[in-house]
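K.L.:
With these hints in hand, go ahead and build the complete structure from the sequences.
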Amino acid sequence: DAGVTQSPTHLIKTRGQQVTLRCSPKSGHDTVSWYQQALGQGPQFIFQYYEEEERQRGNFPDRFSGHQFPNYSSELNVNALLLGDSALYLCASSFGPNQPQHFGDGTRLSIL
Amino acid sequence: AQSVTQPDIHITVSEGASLELRCNYSYGATPYLFWYVQSPGQGLQLLLKYFSGDTLVQGIKGFEAEFKRSQSSFNLRKPSVHWSDAAEYFCAVGTGNQFYFGTGTSLTVIP
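Sequence lines, in order, name chains A and B. Just so you know, we're using the working numbering here: the first sequence kicks off at 1 and counts up by one. Just so you know, we're using the working numbering here: the second sequence kicks off at 1 and counts up by one.
Check the hints yourself; a few may be wrong.
DSSO-like, lysine-lysine: derived pairs with alpha carbons at most 30 Å apart [what the hints assert, rightly or not]: (1) Lys-61(B) to Lys-49(B); (2) Lys-26(A) to Lys-61(B); (3) Lys-26(A) to Lys-13(A); (4) Lys-26(A) to Lys-49(B); (5) Lys-49(B) to Lys-68(B).
Hints listed in this document are in silico derivations from the structure and should not be mistaken for laboratory results.
P.N.:
Here it is, written out as structure tokens:
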């Protein structure tokens, strides 16, 4: 039973570029949440997708956008990258919006 | 506003000693509470959760946590720590569709 899988594992971009991160939820899960974890910090909630719609959003600018596909997989897009966007981006899935979340190993994004 | 506080940034314990990691939350209603563990370079693994009912919950790897409404706390405990428990521990509150995480407690285990 595959858990939450994220790709790529590492990514290096330069300021101003755009990036797309991908997430496949755990089998049977229909809800995907995205988090940003800066070095030495706890994860910060970006947004949650359920039934292909953004259900809740944290305090992140519109440069951060997402999508959920009919198979429940999800993408996180970040435009106009800033140095401060360097972080570990975690995807978490659950069966329903307010249930225990299972996390992937994350995508390490470095902005030069 | 909802928030989670983990007062201890770093804790060092000897192998075999007992452990308690503190977590305090701020939330207007009865929260869903969670503890996660993160090893270096890894994602977060769920240790245990509290939704309702018995305030003492058991988790994986011999961990337990106690919900105390009067103190707005959800402290994590383990009676005997193993070297493999060295990791970062995060307390989280689930409210509606959003999880709020604390800043984490780093655990070092001395042989």
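K.L.:
Please go over all the hints and tell whether each is borne out by the structure.
P.N.:
For each hint, the structure was consulted:
| no. | hint | verdict |
| --- | --- | --- |
| 1 | Lys-61(B) to Lys-49(B) | 14 Å, holds |
| 2 | Lys-26(A) to Lys-61(B) | 22 Å, holds |
| 3 | Lys-26(A) to Lys-13(A) | 28 Å, holds |
| 4 | Lys-26(A) to Lys-49(B) | 18 Å, holds |
| 5 | Lys-49(B) to Lys-68(B) | 14 Å, holds |
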